[in-house]
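Chain A: place on chain Y using the hints.
Number of protein chains: 2
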Amino acid sequence: MLCVNVNPLFKGFTFLDLSLLFSYKLLNFLCIERQKKKIIFLEKQTKQQLMAGADQEAVRNKQVTLKHYVSGFPKESDMSVVTSSISLKIPQGSKDTVLLKNIYLSCDPYMRGRMSKSDIPSFVAPFQPGSPLNGYGVAKVVNSTHPNYEKGDLVWGFTGWEEYSLVTSPELLIKIQHTDVPLSYYTGILGMPGMTAYAGFYEVCSPKKGEHVYVSAASGAVGQLVGQFAKLVGCYVVGSAGSKEKVDLLTSKFGFDGAFNYKEEPDLDAALKRYFPEGIDIYYENVGGKMLDAVLLNMRLRGRIAVCGMISQYNLEKPEGVHNLMQVVGKRIRMEGFLAGDYYHLYSKYLDMILPFIKEGKMKYLEDVAEGIESAPAALVGLFSGKNVGKQLVVVDGK
Amino acid sequence: MLCVNVNPLFKGFTFLDLSLLFSYKLLNFLCIERQKKKIIFLEKQTKQQLMAGADQEAVRNKQVTLKHYVSGFPKESDMSVVTSSISLKIPQGSKDTVLLKNIYLSCDPYMRGRMSKSDIPSFVAPFQPGSPLNGYGVAKVVNSTHPNYEKGDLVWGFTGWEEYSLVTSPELLIKIQHTDVPLSYYTGILGMPGMTAYAGFYEVCSPKKGEHVYVSAASGAVGQLVGQFAKLVGCYVVGSAGSKEKVDLLTSKFGFDGAFNYKEEPDLDAALKRYFPEGIDIYYENVGGKMLDAVLLNMRLRGRIAVCGMISQYNLEKPEGVHNLMQVVGKRIRMEGFLAGDYYHLYSKYLDMILPFIKEGKMKYLEDVAEGIESAPAALVGLFSGKNVGKQLVVVDGK
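Going down the list, the sequences are from chains Y and A. Okay, so the first sequence: first residue is 1 according to my numbering, each after it adds one. Okay, so the second sequence: first residue is 1 according to my numbering, each after it adds one.
With the rest of the complex left out, here is chain Y (with noise of 0.2 Å):
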């Protein structure tokens, strides 16, 4: 049987604002809303194909799927690797679709809650179990009816967790303009997590030189150029991992001035005591739950706090307690959440000021590539136990 696979996220809308358009809260939207017109577009694609009779361009198109939303730790088999077939040639009367090879996919910590259907509100929609899991990846284009892209052309942005997908929403991808750089960081510095790392240390913390940062998760893929850009500030850079091999890199490669081994310190407060003397100015948060009680302790005043998320709840029935918010008064601390989405108008600006870094070896930058996209479940799985050692991504054809 023919199948026609089209991620109904992608289907035709017309944007404004590349800024919005990134916002997960507009994704949220598109998803719910696109669902309901899920089942009636793929029955008419498919109905359509079946009427052209079999199509000579069809490719397989192996797929990561969804089995069943999730609770706790995420496993392997929560997802299955799938073998569909797709079509090279764009539908007939879809305007503005791009069909995009997919090179690398980019595993990342907000997908677990996608993972889960919550009845707590969320800024993106879960999943589909059954359907292609999605998120940010790098493409290449190989057939386009929009004007704006045309086959060979490189993108990164928001794909199907597959061999191939039908993009009827290509405002949600940007093309990559500088290839003289590793194209898969744009699944990282030069993409998502690098915005992320960008936004929440300098446009949501506003550091100065001198000042005391802290870090959790400070190996991963936002965690690292975090303490790069601190010391690119003048600050002073401390950050937390969770294996020996781990924090040696932070103090070895990224150039961060302390590090620690949170598995190993049965007291957060005495640890952060001790590479904090004098208190913590900007907490870059990745983790929550102890660790941002123990580093509630210890910030300073004026301290700030940017929550990029929170990695150690996200497998939780419920998230842990977090008991010393009462510190935010007397110290007058600002805790921010944000989003990268909210500052991908600063993304021109940012590359402007990383690539010279990269190319100059300035910043540097550690991946954990998977190899074949039958390896991107555990990929993504590893996340929640820290089994990545820096970016975990994909190679989606790992041959």
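For the record, the hints were derived by calculation from the structure and aren't laboratory data. Just so you know, these numbers come straight off a predicted model, no measurement behind them. It is possible that part of the hints are untrue.
With a straight-line Cα cutoff of 16 Å, these simulated EDC-like cross-link-like pairs (lysine to aspartate or glutamate) come out [what the hints assert, rightly or not]:
1) K290/Y / E203/A
2) K387/Y / E245/Y
3) K273/A / D119/Y
4) K75/Y / E374/Y
5) K318/Y / E320/A
6) K273/Y / E320/A
7) K290/A / E320/Y
8) K101/Y / D397/Y
9) K318/A / E320/Y
Calculated Cβ distances over 10 Å to all of chain A for the following chain Y residues [what the hints assert, rightly or not]:
10) E57
11) K140
12) T179
13) G337
Take a look, some chain A residues computed to stay more than 10 Å from chain Y by CB distance [unchecked claim]:
14) K101
15) G130
16) E150
17) Q177
18) F260
19) A271
20) P319
21) I358
22) E367
Glycine included, each C-beta is placed from N, C-alpha and C at the ideal position.
Using the frame of chain Y, we list chain A on its own:
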């Protein structure tokens, strides 16, 4: 025996900046630094007085002292009302000192923290068992060696919980210029609570017309003002309080658009959804704990939480855990602690705004007045069971 009562908090400092002076951080420093000198100073003064013979101008000085550090809910019996005496003369050689006759004492929730000695750093030093409490009040200058103050001047600011206080750091006092409003208002709407409401709402939250504002502990000294400020800006405002009487006051007297009794709401999330079906833009946080958790679920995109205090937590051995902090990420919530002391440079601007409103009856203000210094312990303790209706203060001379 003649005893000179000198609050060590007020002994001769030179300060640069009035806004800094009122910073609790500074007060904390002062308390700690000066405590060390207290015994030496008192011993010296007492010796001088004894050598000079009986002071003809000594008067009775009733004082409220802390008996011992408190855990859990404070009780009246944790304080004592003792009768001492004080000379109305300023000790020889004491420059820049004023002797105050206290008129009104202010009962404020933050004082609970000062009744305990905690391992967790606080923004203000604890009271000293055996010594008089201190806090905000309104007083008349009885005697002065400070060039800026003379007998008969009225002041508000930090003073002792006693009939007379010898203040050696009058920079911690503000001279009262407007006496055509009730003097007691300088413990509330025209004093620290007024500046707390003003700074927290206008400066921290940057409210816009049409926004949805929620105020907890809304009939208290600060909450009643925040609600009225919100209406001045053109916001929709709902408050919560702990009795039918208070809830009625919110809508009938203070002009809130809605109000509810949190004690009668088994599901705070559901209550908030009832009053804010479209969510909350601004939360003026006075209570913490479960209420904050419920509010987080109901905040809107780019909501602001001004963290003024968390009175529901002050008497707990360990503060409750707040579980829904992950909401700050997707909704880009800014949560910010503040102290009125950082905004005292805006005091005259605030007076320019608020005095006409008071005189024209456009701002309502409700006080709960306890008569006589003997009633001060009960009045202070009453704050923590919500006994007070409106701003709790004490008239020192209850006759």
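How the hints compare with the structure:
no., hint, in the structure
1, K290/Y / E203/A, "violated (31 Å)"
2, K387/Y / E245/Y, "holds (11 Å)"
3, K273/A / D119/Y, "holds (14 Å)"
4, K75/Y / E374/Y, "holds (14 Å)"
5, K318/Y / E320/A, "holds (14 Å)"
6, K273/Y / E320/A, "violated (24 Å)"
7, K290/A / E320/Y, "holds (14 Å)"
8, K101/Y / D397/Y, "holds (10 Å)"
9, K318/A / E320/Y, "holds (14 Å)"
10, E57, "holds (40 Å)"
11, K140, "holds (31 Å)"
12, T179, "holds (33 Å)"
13, G337, "violated (3 Å)"
14, K101, "holds (31 Å)"
15, G130, "holds (25 Å)"
16, E150, "holds (35 Å)"
17, Q177, "holds (29 Å)"
18, F260, "holds (22 Å)"
19, A271, "holds (17 Å)"
20, P319, "violated (5 Å)"
21, I358, "holds (27 Å)"
22, E367, "holds (24 Å)"
Going down the numbered hints, you'll see the structure goes against 1, 6, 13, 20, while the others check out.
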